[in-house]
Amino acid sequence: MGRGKVFPAKRHRPAIPSQALWLLPPLMKFPSLVPLINESCWKKERLLKRAQAKAEGKTVEVKKPIVVTYGLNHVTYLIEQNKAQPVIITHDVDPIELVVWLAALCRKMEIPYCIVKGKARLGAIVYKKTTSVLCLTTVKNEDKLEFSKILEDIKANFSDKFDEIRRKWGGGIMSSKSQEKTKAKEKVLAKEATQRMS
675 MGRGKVFPAK RHRPAIPSQA LWLLPPLMKF PSLVPLINES CWKKERLLKR
725 AQAKAEGKTV EVKKPIVVTY GLNHVTYLIE QNKAQPVIIT HDVDPIELVV
775 WLAALCRKME IPYCIVKGKA RLGAIVYKKT TSVLCLTTVK NEDKLEFSKI
825 LEDIKANFSD KFDEIRRKWG GGIMSSKSQE KTKAKEKVLA KEATQRMS
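Note that the numbering used here has the sequence shown beginning at 675, numbered continuously upward.
It cannot be assumed that every hint is accurate.
To be verified - The calculated SDA-like cross-link candidates involving lysine to any residue, where the alpha carbons are at most 25 Å apart (straight line), are:
hint	residue 1	residue 2
1	K757	K814
2	K814	L721
3	K823	N756
4	K857	A867
5	K782	H748
6	K835	V790
7	K717	K802
8	K823	S833
9	K861	M848
10	K793	A778
11	K717	G731
12	K782	D768
13	K829	G745
14	K737	Y801
15	K802	Q759
16	K793	D766
17	K757	L819
18	K814	P739
19	K814	E719
20	K814	A830
Calculated from the structure, these hints are not laboratory results.
Kindly generate the complete structure, drawing on both the sequences and the hints.
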């Protein structure tokens, strides 16, 4: 019953700007899959190295580049395969039903996730206008220390606070019109109660 209501309540408590400031710049270090020209260049280089090694009779493992992955379907697949490490979701996805279940899936798979403000902010990381979700699968050895600190902060601020946020359903704030109507109803009820007493 309450599964779908948790994320809308959470999205009103995204990462505070200072947290987003330490979270997003490290992601800028990693190239994204977006520029297909670059991806094809990387692929071409990998294949050339592999072909040269084969021609020389050597067996050389050419590693794929570390990239930021984006796109709802791709990130969902990586979460299901337990390959995504931090999953970053934006709070302003429209319609919200697209990502409502994503936080629950991350929690089920025990993958750290966080919610940040601004699709455009995440889009800038992957050279797109906007993106709703992105993740990393691997990190360079020299960045692992910084990355582990980021993961700890994400877990402390989002994954571990899931139950706390779930208890506070959020929303429930009536508009000014509704507040006036309820005040008027309360006045009528109070007036009737005083008339009954006298």
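Quick rundown of the hints versus the structure:
1. At most 25 Å may separate the alpha-carbon atoms for a hinted pair to count; K757 and K814 meet this at roughly 15 Å.
2. With a C-alpha separation of about 21 Å, the suggested pairing of K814 with L721 holds against the 25 Å cut-off.
3. Only pairs whose Cα atoms come within 25 Å are accepted, and K823 paired with N756 is accepted, the gap being roughly 20 Å.
4. Under the criterion of a C-alpha separation no larger than 25 Å, the hint pairing K857 with A867 is consistent with the structure, at around 15 Å.
5. With a CA separation close to 18 Å, the supplied pair K782 and H748 stays within the 25 Å bound.
6. For the hint linking K835 to V790, the alpha-carbon distance of about 15 Å falls within 25 Å, and the restraint holds.
7. Note on K717 and K802: the hinted pairing holds, with a Cα-Cα distance of about 21 Å set against a maximum of 25 Å.
8. As the CA atoms of K823 and S833 are separated by approximately 15 Å, the hinted pair is consistent with the 25 Å bound.
9. Proposed proximity of K861 and M848 is supported: the alpha carbons are some 18 Å apart, at most 25 Å.
10. For a cut-off of 25 Å, the pair hint linking K793 to A778 stands: about 20 Å separates their Cα positions.
11. For the hint linking K717 to G731, the alpha-carbon distance of about 21 Å falls within 25 Å, and the restraint holds.
12. Taken as a hint, the K782 and D768 pair is honoured in the structure, with Cα atoms around 24 Å apart against an allowance of 25 Å.
13. Of the supplied pair hints, the one linking K829 and G745 holds, its CA atoms being roughly 22 Å apart against a limit of 25 Å.
14. Annotation: proposed proximity of K737 to Y801 holds, straight-line Cα distance about 23 Å (limit 25 Å).
15. Taken as a hint, the K802 and Q759 pair is honoured in the structure, with Cα atoms around 21 Å apart against an allowance of 25 Å.
16. Using a Cα cut-off of 25 Å, the hinted pair K793 and D766 holds, with the two alpha carbons roughly 7 Å apart.
17. Using a Cα cut-off of 25 Å, the hinted pair K757 and L819 holds, with the two alpha carbons roughly 19 Å apart.
18. For the hint pairing K814 with P739, the CA-to-CA distance comes to about 10 Å; that is within 25 Å, so the pair holds.
19. Between K814 and E719 the alpha-carbon distance is near 19 Å, which keeps this suggested pair within the 25 Å criterion.
20. For the proposed pair K814 and A830, the alpha carbon gap of about 23 Å is at most 25 Å, so the pair holds.
Comparing the model with each numbered hint stated earlier shows that all of them hold.
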